[in-house]
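Novice: Those protein sequence lines, which keep their order, are chains B and C. Residue numbers for the first sequence follow my numbering, so the first one is 16 and each next one is one higher. Residue numbers for the second sequence follow my numbering, so the first one is 16 and each next one is one higher.
Please note that a few of the clues may not be correct.
Remember, identical chains collapse to one label, so a pair may be satisfied in a single copy or spanning two.
Mimicking DMTMM-like on lysine to aspartate or glutamate, the simulated pairs with C-alpha atoms at most 20 Å apart in a straight line are [what the hints assert, rightly or not]:
| hint | residue 1 | residue 2 |
| --- | --- | --- |
| 1 | Lys192 | Glu301 |
| 2 | Lys300 | Asp372 |
| 3 | Lys48 | Asp331 |
| 4 | Lys460 | Asp372 |
| 5 | Lys410 | Glu273 |
| 6 | Lys50 | Asp331 |
| 7 | Lys460 | Asp51 |
Rather than coming from a laboratory, the hints here were simulated on the basis of the structure.
Listed below, chain by chain, are the residues.
Protein chains: 2
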Amino acid sequence: MQKTQEYILKNKDRFLDELFELLRIPSISADPKHKDDLLKTAEWLKLKMESAGVDFARIDPTAGYPIVYAEKMIDPKLPTILVYGHYDVQPADPLELWDSPAFEPVIKKTKIHPEGAIFARGACDDKGQMFSHLKAFEAMVACDELPCNVKFMIEGEEEVGSENLGIYVKENKEKLKADVILISDTGIIANDIPSLTVGLRGLSYMEVHVTGPNRDLHSGLYGGAVANPINILCQMIASLTDENNHITIPGFYDKVLELSKEDRAEMAKAPFSQEAFNKSIAIPKESGEKGFTTPERTSIRPTLDVNGIWGGYTGDGAKTVLPSQAHAKISMRLVPHQNSVEISKLFENHFKSIAPDTVSVKVVPMHGGEGTVVPTNFPAYIAATKALEKSFGKKPIPVRSGGSIPIVALFEEVLGLKSILMGFGLDSDAIHSPNENFGLFNFYKGIESIPYFYDEFQKIKK
Amino acid sequence: MQKTQEYILKNKDRFLDELFELLRIPSISADPKHKDDLLKTAEWLKLKMESAGVDFARIDPTAGYPIVYAEKMIDPKLPTILVYGHYDVQPADPLELWDSPAFEPVIKKTKIHPEGAIFARGACDDKGQMFSHLKAFEAMVACDELPCNVKFMIEGEEEVGSENLGIYVKENKEKLKADVILISDTGIIANDIPSLTVGLRGLSYMEVHVTGPNRDLHSGLYGGAVANPINILCQMIASLTDENNHITIPGFYDKVLELSKEDRAEMAKAPFSQEAFNKSIAIPKESGEKGFTTPERTSIRPTLDVNGIWGGYTGDGAKTVLPSQAHAKISMRLVPHQNSVEISKLFENHFKSIAPDTVSVKVVPMHGGEGTVVPTNFPAYIAATKALEKSFGKKPIPVRSGGSIPIVALFEEVLGLKSILMGFGLDSDAIHSPNENFGLFNFYKGIESIPYFYDEFQKIKK
Numbered sequence: 016m017q018k019t020q021e022y023i024l025k026n027k028d029r030f031l032d033e034l035f036e037l038l039r040i041p042s043i044s045a046d047p048k049h050k051d052d053l054l055k056t057a058e059w060l061k062l063k064m065e066s067a068g069v070d071f072a073r074i075d076p077t078a079g080y081p082i083v084y085a086e087k088m089i090d091p092k093l094p095t096i097l098v099y100g101h102y103d104v105q106p107a108d109p110l111e112l113w114d115s116p117a118f119e120p121v122i123k124k125t126k127i128h129p130e131g132a133i134f135a136r137g138a139c140d141d142k143g144q145m146f147s148h149l150k151a152f153e154a155m156v157a158c159d160e161l162p163c164n165v166k167f168m169i170e171g172e173e174e175v176g177s178e179n180l181g182i183y184v185k186e187n188k189e190k191l192k193a194d195v196i197l198i199s200d201t202g203i204i205a206n207d208i209p210s211l212t213v214g215l216r217g218l219s220y221m222e223v224h225v226t227g228p229n230r231d232l233h234s235g236l237y238g239g240a241v242a243n244p245i246n247i248l249c250q251m252i253a254s255l256t257d258e259n260n261h262i263t264i265p266g267f268y269d270k271v272l273e274l275s276k277e278d279r280a281e282m283a284k285a286p287f288s289q290e291a292f293n294k295s296i297a298i299p300k301e302s303g304e305k306g307f308t309t310p311e312r313t314s315i316r317p318t319l320d321v322n323g324i325w326g327g328y329t330g331d332g333a334k335t336v337l338p339s340q341a342h343a344k345i346s347m348r349l350v351p352h353q354n355s356v357e358i359s360k361l362f363e364n365h366f367k368s369i370a371p372d373t374v375s376v377k378v379v380p381m382h383g384g385e386g387t388v389v390p391t392n393f394p395a396y397i398a399a400t401k402a403l404e405k406s407f408g409k410k411p412i413p414v415r416s417g418g419s420i421p422i423v424a425l426f427e428e429v430l431g432l433k434s435i436l437m438g439f440g441l442d443s444d445a446i447h448s449p450n451e452n453f454g455l456f457n458f459y460k461g462i463e464s465i466p467y468f469y470d471e472f473q474k475i476k477k
Numbered sequence: 016m017q018k019t020q021e022y023i024l025k026n027k028d029r030f031l032d033e034l035f036e037l038l039r040i041p042s043i044s045a046d047p048k049h050k051d052d053l054l055k056t057a058e059w060l061k062l063k064m065e066s067a068g069v070d071f072a073r074i075d076p077t078a079g080y081p082i083v084y085a086e087k088m089i090d091p092k093l094p095t096i097l098v099y100g101h102y103d104v105q106p107a108d109p110l111e112l113w114d115s116p117a118f119e120p121v122i123k124k125t126k127i128h129p130e131g132a133i134f135a136r137g138a139c140d141d142k143g144q145m146f147s148h149l150k151a152f153e154a155m156v157a158c159d160e161l162p163c164n165v166k167f168m169i170e171g172e173e174e175v176g177s178e179n180l181g182i183y184v185k186e187n188k189e190k191l192k193a194d195v196i197l198i199s200d201t202g203i204i205a206n207d208i209p210s211l212t213v214g215l216r217g218l219s220y221m222e223v224h225v226t227g228p229n230r231d232l233h234s235g236l237y238g239g240a241v242a243n244p245i246n247i248l249c250q251m252i253a254s255l256t257d258e259n260n261h262i263t264i265p266g267f268y269d270k271v272l273e274l275s276k277e278d279r280a281e282m283a284k285a286p287f288s289q290e291a292f293n294k295s296i297a298i299p300k301e302s303g304e305k306g307f308t309t310p311e312r313t314s315i316r317p318t319l320d321v322n323g324i325w326g327g328y329t330g331d332g333a334k335t336v337l338p339s340q341a342h343a344k345i346s347m348r349l350v351p352h353q354n355s356v357e358i359s360k361l362f363e364n365h366f367k368s369i370a371p372d373t374v375s376v377k378v379v380p381m382h383g384g385e386g387t388v389v390p391t392n393f394p395a396y397i398a399a400t401k402a403l404e405k406s407f408g409k410k411p412i413p414v415r416s417g418g419s420i421p422i423v424a425l426f427e428e429v430l431g432l433k434s435i436l437m438g439f440g441l442d443s444d445a446i447h448s449p450n451e452n453f454g455l456f457n458f459y460k461g462i463e464s465i466p467y468f469y470d471e472f473q474k475i476k477k
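Looking at chain B on its own, in the form it has when it is part of the complex (with noise of 0.2 Å):
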C-alpha cells in the first residue's frame, strides 16, 4: 500500500476540499423541509463514486430517501468488503450554540486538536468518516493496489431509524453479498489511543403526548381544579426510574445481559478518567445506576433519557396558561438480548398504566433498533487489528459503546455479516450536538487506515 498512501498524501488538500461541498449540503433526515438537499447529496456522492473508479454507481429509490449503491468487483475469488455509511445528519438546533454556521465548514484549531478540526454538522457523523472510504478506494483504484471488491451502500436515513434500509437489505439479499461489512461511525479513545468499538446499544425511541382539558385554560380561574397535563407528564417521567436510578417499567431488564465479573473486570482495564470526563462536559458529579462505573453505564446498561419536552407557554415573560397539553420525546438505549420492539411495548403499556384517569395519554413508538456484539476473534476483526497497528503504531483496544446503529444487527440477521466497527471519531467531536467537529488527524487516519485493513482482510482470508 505505498503508493496508495503516498497518493492519499499528495490529494490531502483536494480530499478536504470535496469533504466541505458534502458538508455544506444540510442534508437533515428528521426534516422534511430538507428533501432537495438529501436528494442533492446523494446525486453528489454518486458521482464521487463514478469518479474515483467503481464499476457502477446508482441511487436507489426507496420509500424515503435513496440509497447510493456502488461496486468494483475485481475478481469474484477476491474477498467482497461491503462499507456502510449514512449521508444524511442530524438537526443542527440550537442554532444558536454553534460559533460558526453548522454548514458552513470552517477548521479550527481546538486543545484536542492543535492541529486543526473540521466544524459542521456532520463532520465526524457521518459524512467525514464516510467519505475517508471514498477517498481510501480512490487511492487505492488509482495506485492499482486494490486488493478486494468492494460495494458501498450509502444510506440517507439514518438519522431517523434506517427503516427503509431494513426493506432494501431484505429485497437484495444477493446483490449485497459479501465477507464482511466496513463501517466508520464510531470512534476511537484517543488520538494515541486507537480502539475497536466490539458492542453496540440498541434503541427504542419514544413520542408521548398528555392531553387535558380540550383548550389552554387560565391557570387563576381553572387552576388546583383540573389535572395540569405538564405537571402529570412530570410525575409519569419520574416515576420511571428510581432512587437508584433503575428504570421502573416492568420486564425492562429481564432479558438484559448481565457481564460476568470477568468481564466487568476486564472491561475496566480500558483506561478512563472520571475527572477529565466530568470536567470534559463541565459537570459537578457522574450520575447513574447503582453499582455501575461511568464505562459500564454508558456501554453494557439499558438507559432512559427524556429527548426533548414541551408544553404550554414557553415563550418571553409570565403567561398564566393552564396548558391544553404537554409532550416529550424519551428514549432508552438498550443493551445485547433486550428487543427494542419488545422495549417500546413495554414502554407503551406501562406509560399508559401509570396514567392518572384525569387526561389522556398517546404514546406514539418513533423508532427502534437492537444492540449488537462483535466477536474479537474472527478474521475481519483481526485484520482491523492490525491495519490499526499500522496506522497508529499500537494495538488498538476492544471498546462497547453507548451510540446505536440498529442497522448492525439487521445486517447480520438477514445477511448473515458481521460488520466491523472501525470509527476514528473521538467523544469530544460533540456529534448531535452545537459544533460538532472532526479533527484533521482523524479524517486522515481513517483514510490511511482502511487501505491497511483491506490489505490484511486479503491476506488472512486466502
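Please build the complex by placing chain C on the supplied structure of chain B, with the hints as guidance.
Specialist: Okay, now just chain C, sitting in the frame of chain B:
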C-alpha cells in the same frame, strides 16, 4: 338614568365599532416587539376619553408602558369613583388554535351566546370590559346624568405584573383620592346568574432553569452516566405536590386563611355543576387538593401549576440528545394572608434544596401579587348589588374568584380604598386562551349596569 340608557341603546352599534378598533391593536405587553402597539393603544384611549367628555386626559409615562389617566370633577362634594382597567393583553399563541385571527375581531354565534360574541384577544380581558366604562361615562355625560366625580386609570402592564402601576399609585396618592375603586376585569356565573367577585387569589410566578452538561450530548455515548436535566426537572416538579395534591413546599400553607365550616357551607350554595364543568373543558375527571370541592379549589385554596416547560429537541422526528438544559415556568395562586414575596422565597429555597448535586439550578421570580377579600357589607358593595339587580333583574351572588388582580391588594394598602369587582365575563370566555371571546349580551350589560352603580353609589353616600 333613563336618558342615559336610551343613549346607550341608540349608540350601541357605534360602541361596538369602536371596540373593534381597539381590539385590532395587538397590545401584547409580554412581547417587546409590540411596544409601538401599546403606545398606540394608550394614545387611542386618551382621544376616546377626551371625546367622551373628561376634564382632561393624559398619558403618564412610567419605566414601562404608560398609564392613561383622565378625570371629570363635577362637584367636590359628590363621591368620586376611580375606574381601573388595563389596555394590554396576553400573548395570542398558540396562534394555530385560533379559528379566526386573534387581532381581527369578528362576531360569531355560539351555544352560550346565541346573540353573538366578539372573538378577539382582549375582547373580554380587559379591553371589552374596560371600554364599557368609557362608553357608560360618555352616555352619562352626554345626557347630563353623571352623578359622581370620575377618575380613570388605565394601565398597560397588567398581564406582566403591574410593577410600574404600583410605583405610580404610591407617587400619586393625592391625585388618586377617591371613595371607591371600580373594576370590571372579572366575571359573572352565567348570563342569568349575576354575581360580584368578593375574593381574588394572589400570584407568585417563577422561572426555573436546570443545567447539566455544558453542551447537548449524544444520548448514546453519554446516556446513563450523566444526569439528564429534563429527567431531573421532571423529578423536581413531581416532588412539589404529593399524592393528595398538597403542595410540599415547607411553610407553604402556614398563613393560608382556613374558612370556617359555615363559610364553606355558604359558598356551597352557589350554583355549580361538576358535570357541566368537566364537559365544558372536555376533561375525563376533575382533580385537585383532597378534601375540597372544585369551587373551593379554584378560590379559597392555593395552587401550583407548571405554565410552560421546554428543553432538548422539540422538532419533528427523533433526535437522540441528552440536553444541556431544561426550563419551566411555574406559578402559584395564593389565598388571603399568603404573601407573594414570602411564598416566592419559600419556593426558591425549597426548589434549590431539592436539586441533586449533579446539576445546577437557577430560580428567577418573575412577578407576584397579593390576594384580596371584598367585604359584602360596605356602601359600595351594596350599591353594586342594587345596580346589578336593576340591570339583570336578579340579586347578584357574592363569589370568590381564582384569578388574580394583584393591584387590588396594593390599592387598599396604599390608597386605603376597597375595590368593587364588577365584571361581566363568563368562565367560557377563554381569556388567556385561543378564541377568547366576550358575549354581546355581556358587553352591553356592562355598559347598562355601570350608570346604575354610579347612581346607587351617589344615593347611598348622600
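Novice: For each hint, tell me whether it holds in the structure or not.
Specialist: Outcome of the hint check:
1. In this assembly of identical chains, the alpha carbons of Lys192 and Glu301 never lie at most 20 Å apart, being 44 Å within a copy and 61 Å across copies at closest.
2. Proximity of Lys300 to Asp372 under the C-alpha cut-off of 20 Å is restricted to the inter-copy arrangement: shortest distance 7 Å between copies versus 38 Å within a copy.
3. With identical chains, the CA atoms of Lys48 and Asp331 are at most 20 Å apart between copies only, with a shortest distance of 11 Å across copies and 27 Å within one.
4. Proximity of Lys460 and Asp372 under a CA criterion of 20 Å is satisfied in neither setting, with 57 Å inside one chain copy and 40 Å between copies.
5. When the C-alpha separation of Lys410 and Glu273 is checked against a cutoff of 20 Å, the pair qualifies neither within a copy, at 27 Å, nor between copies, at 74 Å.
6. When the C-alpha separation of Lys50 and Asp331 is checked against a cutoff of 20 Å, the pair qualifies only between copies, where the shortest distance is 14 Å, while the shortest distance within a copy is 32 Å.
7. Taking the shortest alpha-carbon separations for Lys460 and Asp51, neither the intra-copy value of 32 Å nor the inter-copy value of 58 Å comes in at or below 20 Å.
The structure does not agree with the numbered hints 1, 4, 5, 7 stated previously, though it agrees with the rest.
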